[in-house]
Amino acid sequence: MKMVDALLTPSVRQTIASGMERLRADFPILDIKVGDKPLVYLDNAASSQMPQAVIDRLVHYQKTQHANIHRAVHHLSDLATQEYEAARRKLQHFIGAREEREVIFTSGTTDSINLVMHGYGRKFIQNGDEIILTALEHHSNIVPWQMLAEEKGARIRVVPINDAGELLVDEYEKLFNSRTRFVGLSHVSNALGSINPIKRMIATAHQHGVPVLIDGAQAAPHMKIDVQDLDCDFYAFSAHKMCGPTGVGILYGKAHLLESMQPFKGGGDMIASVSFEKTTYNDIPYKFEAGTPPIAAVIGFGAAIDYLEQIGLDAIAAYEHELLVYASEQIRMIPGVRIVGDCPDKVAVISFVVDGIHPHDVGTLLNQDGIAVRTGHHCAQPIMQRFNVAATSRASFSFYNTKEEIEVLVAGIRSVQKVFAQ
Amino acid sequence: MSLKSIYQEVILDHNRKPRNYGALRSPTHHATGHNPLCGDRIELDINMLDGHIEEIAFQGESCAICKASSSMMTNAVKGKSHQEAEALIQEFREMLVSGEDKSFDHLGRLKVLAGVRDLPTRVKCAILPWHTLHAAMNSTDSATTEADDHASKLVANNH
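Protein sequence lines, in the order shown, are assigned to chains P and Z.
At position 111 of the first sequence (counting the first as 1) the number is 111 in the UniProt record's numbering, and the numbers step up by one without a gap.
At position 142 of the second sequence (counting the first as 1) the number is 142 in the UniProt record's numbering, and the numbers step up by one without a gap.
Because the hints were derived from the structure by calculation, they are not lab data.
It cannot be assumed that every hint is accurate.
[Claimed, not checked] Simulated restraints on C-beta separations:
| no. | chain 1 | residue 1 | chain 2 | residue 2 | range |
| --- | --- | --- | --- | --- | --- |
| 1 | P | LYS418 | Z | ASP105 | 51 to 61 Å |
| 2 | P | GLY291 | Z | ASP105 | 22 to 32 Å |
| 3 | Z | GLN8 | P | PRO335 | 21 to 31 Å |
| 4 | P | ARG98 | Z | SER98 | 23 to 33 Å |
| 5 | P | PRO335 | Z | ASP13 | 56 to 66 Å |
| 6 | Z | HIS52 | P | ILE32 | 25 to 35 Å |
| 7 | P | LYS123 | Z | GLN83 | 34 to 44 Å |
| 8 | P | HIS139 | Z | HIS82 | 35 to 45 Å |
| 9 | P | ASN388 | Z | ASP105 | 36 to 46 Å |
[What the hints assert, rightly or not] Chain Z regions said to be covered by chain P (calculated; three or more residues, Cβ under 8 Å):
| no. | segment |
| --- | --- |
| 10 | 21-28 |
| 11 | 35-42 |
| 12 | 74-88 |
| 13 | 117-128 |
Glycine included, C-beta positions come from ideal geometry on N, C-alpha and C.
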């Protein structure tokens, strides 16, 4: 992020800020009111909102292009297949994958991670082997590996973090030994916003011959991803956190790894031939896409990618960084409020606690002012334990948020404190 | 009703100065209540004597609504028989989940919590201590808000 910031000229940085009114008009939902208050949507890390262009694409598909894909010889099936595969190529270029067959459509990041656990983990990880995860992982990059570890008798090793919410990379390097078989690592922490130094960590794993899965759910919406530059073995993210529909995401995997893996789900479309004696599996990516996929959602995902690229990921990263800096300054100025996770390299996510007031009460009262934040453990209970809090409130920003909205949030937090000071 | 009025003085007062807060030295009954959604967790201790709640205490990490509900509940059930307490649990639940326009005057001070009904995402916070009381009296180790619609399930957990 700091690098991106340095690369951009002030004029590029202004692109979003100056066109904000027009940009916000792309998102119909931003006009709604909560009670009598305008919506201030700061729960983008949970799910982002959808621009009209993506909504229109879904409607257009459903009205004029829908049929099942990869099946029939008729016009609509052919058309739907072409649009579906076009979306795959958009995702391929979006992440800089070498080949389109390295992009597998899944139901989302969780599904992608489970695919790797079943397809790679169950085949290659054995009794006594070790899997490295980090203290910053979302439950979806912990639980599948625990299930595998339990089944196989494997062991999970955890990279610790410091008080700022940064991974201790030196400790990570010490965890490798001859039994290390896999690394699962988030690009960006969903609860704290920390950006992890994944390129360096991937290189370390590769020195030990260990493949790395990156959970990119919180990174892909906010920065340019280049899987070849990162040299990650797997990279997963979801459409609904980046202006697309729910129910779809991707798993990127290096072709030779995907080819070596066993299928995750059996069914139609993932086979080359079936008899009761023997089934031959289809080639990648189809080997991992059993059954009818959410075709409309995949095509909508493609439209969301077009929309983001039209704005530009570098411009998005730079503008959101400005929001982060401003929001951090403003929130820090409120007495009795503490930001949890304050590492220098962050996306625009601020987890905070208000002295003496439970986050759920904060969230309920902020909602009264039309402000949507997430409260709770953010599916990252180990992080909450590390910082000795049961829960936090989390404001997470997108490129359609404004400094004015940050001011509404700050006024909202002060008003919560007033209610409790009665 | 306005949402802010949920956080009225009496609730904020119980949140600030919870009654019967702490642990009993050697409780005859105990349960842990946990709301996995928000992380609310309360420990409830009871001394039952001749089928009556002789002493009751709670402690834990929770939001204001859960803490106030716990505090007011411990006041309300102290001295009550197991059966009377169960009846109160049912009535309290009914007040928070039923859409019926029914008078809950007999619930007395507990009525200030009725407004939580307008906050569907927070109903579990108010009900958690009552689930936990039910679990403790029936010697179930733990209660969870995830069994919300099936109080009887908590009893079933005994077996």
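- [ ] Compare the structure with the hints numbered earlier in the document and write down the numbers of the violated ones, lowest to highest.
- [x] 1, 2, 4, 5, 6, 7, 10 and 12
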